[in-house]
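All chains, full assembly: derive it from the sequences and hints.
Note that the sequence shown covers residues 50 to 231 in my numbering.
Keep in mind that the hints were calculated from the coordinates and are not lab data.
Where a beta carbon is used, it is the ideal one built from N, C-alpha and C, also for glycine.
Take these hints with a grain of salt, some might be off.
Pair by pair, the computed Cβ-Cβ distance ranges are [to be verified]:
1. ALA230 to MET172: 26 to 32 Å
2. ASP197 to ASP119: 28 to 34 Å
3. MET172 to ALA196: 18 to 24 Å
4. LYS153 to GLU84: 33 to 39 Å
5. ASP227 to HIS103: 22 to 28 Å
6. GLN71 to SER91: 18 to 24 Å
7. ARG125 to GLU88: 20 to 26 Å
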Amino acid sequence: MSGEQPQKALSTAVTEKLQGGQVVTIRPMSREDIELEREFLSNLSPDSRRFRFHGGIGKPTQKLLEQLTDIDHDQREAFIAVIQGDNGEQEIGQCRYAQDADGKAAECAVVVGDDWQKHGLGMLLVSRLIESARARGIQRLYSTDAADNHKLNEIARKFGWECHSDPKDPTQVIYSFDLTAV
Numbered sequence: 050m051s052g053e054q055p056q057k058a059l060s061t062a063v064t065e066k067l068q069g070g071q072v073v074t075i076r077p078m079s080r081e082d083i084e085l086e087r088e089f090l091s092n093l094s095p096d097s098r099r100f101r102f103h104g105g106i107g108k109p110t111q112k113l114l115e116q117l118t119d120i121d122h123d124q125r126e127a128f129i130a131v132i133q134g135d136n137g138e139q140e141i142g143q144c145r146y147a148q149d150a151d152g153k154a155a156e157c158a159v160v161v162g163d164d165w166q167k168h169g170l171g172m173l174l175v176s177r178l179i180e181s182a183r184a185r186g187i188q189r190l191y192s193t194d195a196a197d198n199h200k201l202n203e204i205a206r207k208f209g210w211e212c213h214s215d216p217k218d219p220t221q222v223i224y225s226f227d228l229t230a231v
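Here you go:
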């Protein structure tokens, strides 16, 4: 019974304050978020899109948006960070992971809107990912990212992620976080 509590808590929205006092809601992503996702990705800077998708993408395709918002909340999880704007909710960040076939590890990604970087949102999103992965019994999170993504490197090091160059591609770095360590 106690194993169900963390999962239930992770399926609800949480409200957090960013540095500077802005209130943000972090909640599970759903298919209904497709237009928020379209607007968010379209408004990312070219560098932010390159870091997130490992290459340049222009306008996100409908197929990509459907893939990103069709989350089973079991093998694949995603959380969206939103604020209340003049026209309703506005997405300002997101985090996600997809479990490997054995269920012991999961590849993860975090992206924060350009105007919202350096406000503590990345740290909140990474914390939510770690909490969710631990609740599911995942033992390790990992991510392969551009070596010149210095913002991510800073966040990863603050959380104690291991970092090493990708032996197959020196332009990339592999981050890994052991979830079994306390």
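A quick look at each hint next to the structure:
| no. | hint | verdict |
| --- | --- | --- |
| 1 | ALA230 to MET172: 26 to 32 Å | 18 Å, violated |
| 2 | ASP197 to ASP119: 28 to 34 Å | 31 Å, holds |
| 3 | MET172 to ALA196: 18 to 24 Å | 21 Å, holds |
| 4 | LYS153 to GLU84: 33 to 39 Å | 35 Å, holds |
| 5 | ASP227 to HIS103: 22 to 28 Å | 24 Å, holds |
| 6 | GLN71 to SER91: 18 to 24 Å | 22 Å, holds |
| 7 | ARG125 to GLU88: 20 to 26 Å | 22 Å, holds |
Violated hint for the displayed structure: number 1, the only one.
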